[in-house]
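S.K.: All chains should be modelled from the sequences, with the hints used to inform the complete structure.
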Amino acid sequence: MQIVTVPPEEADAHLPERFSPGRAPGGLTATEGLGVAALALRESARYLESKATRPRDGEPWNMPGCIQAPPAGQARSVGAAGPTSEFLEGSVSTGIVIVQGPTADLRFTDAEVLAIVAEVQNGLTSLAASNPLAAVTFTYNIQNVNLTVPADPNAPDLESLWRDPAMASLSFAPDWTGVNDYVESLRTQFETRSSYCGFFTKYPVNHFAYALIGGP
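For the sequence shown, our numbering assigns the number 1 to the initial residue and increments by one for each residue that follows.
There could be a bad hint or two in this list.
Simulated restraints on C-beta separations [what the hints assert, rightly or not]: (1) A45 x P102: 34 to 40 Å; (2) A52 x S130: 17 to 23 Å; (3) K51 x G27: 28 to 34 Å; (4) A128 x L48: 17 to 23 Å; (5) T188 x A104: 35 to 41 Å; (6) D175 x N206: 15 to 21 Å; (7) E32 x A168: 21 to 27 Å.
Please keep in mind that the hints were generated in silico from the structure rather than gathered at the bench.
Where is the CB? At the ideal position from N, CA and C, for every residue including glycine.
M.R.: Listed below in structure tokens is the structure:
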């Protein structure tokens, strides 16, 4: 999954002083530090202004001129593990995997990392608020992965090119099974009812954002 948020120059302006991914202030974990910094970003005047003046606000997702998603690739075979994201109710563990490549065009700046976390927070907060009776809560696990794999726009499987080494760097199997194991490990670690993960990358992909139905 790839996300485009505020322009980089605006994100830099939003960046709190002394922020750096992996170096959390005040004894917080890296995930907690990112969460606090992302909340501060979401409460900043420029961020609120950017949300209030979205150029496509109110337009349907299938509006004329939208880029159509490409045909789905070959279906992946998943294991027989319990459902991880078939419903949205109760406690949910959320893995955010930011995949960084070896060159500048494949890397995220600190401001972009912070913007990703802020946008995820914003979206999940909205989901939780949309149905209070479901008592939805989210627990985050944020992984900032650095790869040495070069981009290859002609690779037969654009996703596995970076996904598999990313999972290996997290000590899981370098394939789709590893993704399922990662998601299940979050559910076990945080003792949540359901679990899922999202990848953010600048490696070439078939579409700017997509999801695997029934998957993690």
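S.K.: Taking the hints in turn, state whether each one holds.
M.R.: Evaluation of the provided hints:
Separation of A45 from P102 is about 36 Å and conforms to the stated range, judged on CB atoms against 34 to 40 Å. Hint check: A52 to S130, Cβ distance near 20 Å, so the stated range 17 to 23 Å holds. A C-beta distance of roughly 31 Å is found between K51 and G27, which places it inside the suggested range of 28 to 34 Å. The beta-carbon spacing between A128 and L48, approximately 19 Å, falls within the hinted interval of 17 to 23 Å.
A hinted range of 35 to 41 Å for the beta carbons of T188 and A104 is consistent with their spacing of about 37 Å. The given range of 15 to 21 Å is respected by D175 and N206, whose C-beta atoms sit roughly 19 Å from each other. Checking the proposed 21 to 27 Å range against E32 and A168 shows it holds: the Cβ atoms sit about 26 Å from each other.
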